[in-house]
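Model the full assembly from the supplied sequences, consistent with the hints where possible.
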Amino acid sequence: MKNKYKWKKISYTVKYEPNATKYTGKMQDQEIRYGETEELRANNYKVAGKRFTGWNTEPDGTGTAYAADYSESTMTKNDGDLITLYAQCADCTHKGGDHPGTISYSVDNTTHTITETCDCEGHTASISINATSTYHDGNEHPAVVTTTGDILGSVSNVVYTYKEQKSDTEYGSMPEGTKIPKNKGFYKAVISLEGKEVSVEYEIKSPADGIDIESSKAKGQRFGDIDNESSLSVAKGDAFTVQFDVQNLNQEAQVYITAPVLKLSEALPSGTTMIMQANDEYWYCKSPSGTEIQLSSFHKMGDSAVSFKYNTENITASQKYRFIIDCSKVSENDLLNDDISLTLEYKNTESENVSGTTTVSFGAKAAFEVTSSNDTLKATAPANDPYTHWENKTMVWKISNNDSSTKLPSDTKLTVSTMNAGETQTSIYQQNQSGEFVIPFIWSNSKEFKISLDSEQAGWKGKTYTLKAELFVGNYTNNSLSLPQAAEGNTAAGSTTINVKIAQDTSPAVRITGTQRIMTVSKGSDTTLDLNVETKNTEAYQLSATIEQKNNGEYTGKFLETDVTDGENKFSIGGITTAGSYRLLVRVIKDNQIIMTVPYYFIVKY
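Basically the numbering used here = 1-based index in the sequence shown + 136.
One thing to keep in mind: the hints can contain errors.
[To be verified] Taking lysine-lysine and the DSS-like style, the derived pairs with C-alpha atoms no more than 30 Å apart in a straight line are: (1) Lys706 to Lys686; (2) Lys534 to Lys599; (3) Lys372 to Lys514; (4) Lys332 to Lys318; (5) Lys399 to Lys372; (6) Lys422 to Lys483; (7) Lys597 to Lys514; (8) Lys534 to Lys583; (9) Lys315 to Lys302.
[As the list claims (entries may be wrong)] Here are the computed distance ranges between Cβ atoms for each label pair: (10) Gln430 to Phe359: 22 to 28 Å; (11) Lys686 to Gln729: 23 to 29 Å; (12) Thr560 to Pro644: 21 to 27 Å; (13) Ile451 to Thr512: 53 to 59 Å; (14) Glu194 to Asp215: 20 to 26 Å; (15) Ser425 to Asp590: 24 to 30 Å; (16) Thr260 to Lys144: 53 to 59 Å; (17) Ser401 to Thr512: 40 to 46 Å; (18) Glu194 to Lys158: 17 to 23 Å; (19) Asn214 to Ser240: 43 to 49 Å; (20) Tyr691 to Asp641: 25 to 31 Å.
Derived from the structure by calculation, the hints contain no laboratory data.
Here a beta-carbon is modelled for each residue, glycine too, at the ideal position from N, C-alpha and C.
Laid out in structure tokens, this is it:
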């Protein structure tokens, strides 16, 4: 008799729970056949700071415990049961202890940091080393070591090495007698943690490092922008300007806390005046003496009781000093002959002084250059004697006939035009008893003079004369010219010749002549009014003609409009259909403006 029963394998499902609110990882359920050897799934849950110790059927560990490698598959005999296992964890002891982790170390060379971590993700600690370049002040400047968290590994002491120049390829031993960076130079500080190293490099600088003092110079008294001249030569007794621009003045080191000094290669002569521009204000020093000029010797312009005071409480990194040196009042015998060097120096007892130097040369005096071109005279100040020295000084042109055998017409007038501040200024001069034109003027930026001659005597119109133009520096008094005094420079006069034509009559003129005064016009005819038009000085003008009819005493209408040429002209009047009085009107036009009109009257019979 056959057995009618069949055996069925018992199986159950294991569900894995992390047993924590904060965790990472996922695990799938596992179906297990009763009695078959099958290991539990490997734990994939991770809780920061904890170590996995096994599974339990209760979260608090009071149920049935199963090791991580349990494989007997006899948790239940009930087919289809669901067994929930809860992960059991203990605090990680990181390094050593009952539940140690794996400690690792990482290096960040950007932040100079070594970080210590445990694979349980519950421990992080770090150590870093940093230093900032600074300025030599006689004190020690160690690197700064910073730790975070509890470091479990072994930390070394800071090790310093040194090199004198940045260009040196390797660091060496520290300067004799020092363990901590103190002297000027370049340093490397190293610290290690369990064999991992980080380092920082820094410099102890001279307070003078990075400070830049640039100088610029120009001729004359310059209160505005300076176009620096790489080499400067000025006339004896003239003025010149020197400027020092200071950048990156060290504030951190606090060593340049006194006012700079202006040092000269030789003392300025008596009578020299010096103006200083600083802090957007002007200060003056009358008759500066010695080769070291203290800025405190300058007095505020407009308030002589106030002396310049360097602001030691707020030393700015950028400073500017301009010195305007005027030797125009110095006696001729005391003027400087050699080059002079000017140095702005910041003194510092702790370290190097910093300075900027420029040199000015003195050249001999020279005459103004006088030239002519067409109808224009030009005066140019000597290359080593800038026109600014003559600003607002009186100068004189003396213009006369260069040919003594001929005379200018007695009524001749000389017209002089100059440009001043973008505007043309015109003056008219008559001859004096000596037949000369004397033109005084104040020297300014305008150095060109356009001249022309005029006379009402027709016989001399259009005649060209060669004139002699002489330039003098000084005043014109009592019909005589006086040269300037020594203190004004003794600049010699210059002269040239220029050809000038007495102006002709340049006004436009038109004359109309003809014999036709009564014109007979028939319907459909092409009758013309034949006239001769003579013109003079009309090259720059437009000439046109119109025909108008007289009505109630006035000429109106427009029966013709045509251009006019010099000589014979035929004007069509065939379009006139009414008898009456008419006029042909020639207009002279320039720039759309009617300059003049000339009429020709005639009568039409129809």
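Here is what the structure says about each hint:
1. Restraint check for Lys706 and Lys686: satisfied, since their Cα atoms lie roughly 21 Å apart, inside the 30 Å limit.
2. The straight-line distance between the Cα atoms of Lys534 and Lys599 is roughly 21 Å, inside the 30 Å bound, and the hint therefore holds.
3. In summary, the hint linking Lys372 to Lys514 is supported, as the alpha carbons are separated by about 24 Å, within the 30 Å threshold.
4. Among the hinted pairs, Lys332 with Lys318 is consistent with the structure: their alpha-carbon atoms are about 27 Å apart, no more than 30 Å.
5. A threshold of 30 Å between alpha carbons decides the hint, and for Lys399 with Lys372 the separation of about 20 Å falls inside it, so the pair holds.
6. Taking the CA atoms of Lys422 and Lys483, the gap is near 25 Å; set against the 30 Å cutoff, the hint holds.
7. For the hint linking Lys597 to Lys514, the alpha-carbon distance of about 26 Å falls within 30 Å, and the restraint holds.
8. For the suggested pair Lys534 and Lys583, the alpha carbons sit about 15 Å apart, so the restraint of at most 30 Å is met.
9. As the CA atoms of Lys315 and Lys302 are separated by approximately 20 Å, the hinted pair is consistent with the 30 Å bound.
10. Separation of Gln430 from Phe359 is about 23 Å and conforms to the stated range, judged on CB atoms against 22 to 28 Å.
11. Between Lys686 and Gln729 the beta carbons are some 26 Å apart, a value that agrees with the proposed interval 23 to 29 Å.
12. Checking the proposed 21 to 27 Å range against Thr560 and Pro644 shows it holds: the Cβ atoms sit about 23 Å from each other.
13. The beta-carbon spacing between Ile451 and Thr512, approximately 55 Å, falls within the hinted interval of 53 to 59 Å.
14. As the Cβ distance of Glu194 to Asp215 is approximately 23 Å, the hint placing it in 20 to 26 Å holds.
15. Remark: the range hint 24 to 30 Å for Ser425 to Asp590 is contradicted by a beta-carbon distance near 59 Å.
16. Distance hint check for Thr260 and Lys144: the Cβ-Cβ separation is about 54 Å, which falls inside the suggested range of 53 to 59 Å.
17. Between Ser401 and Thr512 the C-beta distance comes to about 44 Å, which sits within the given range of 40 to 46 Å.
18. Take Glu194 and Lys158: their Cβ atoms lie about 20 Å apart, and the range 17 to 23 Å holds.
19. Checked against the given bound of 43 to 49 Å, the beta carbons of Asn214 and Ser240, roughly 47 Å apart, stay inside it.
20. Judged by the Cβ atoms, the range 25 to 31 Å given for Tyr691 and Asp641 holds: they are separated by roughly 30 Å.
Hint 15 from the list above is the single one not met by this structure.
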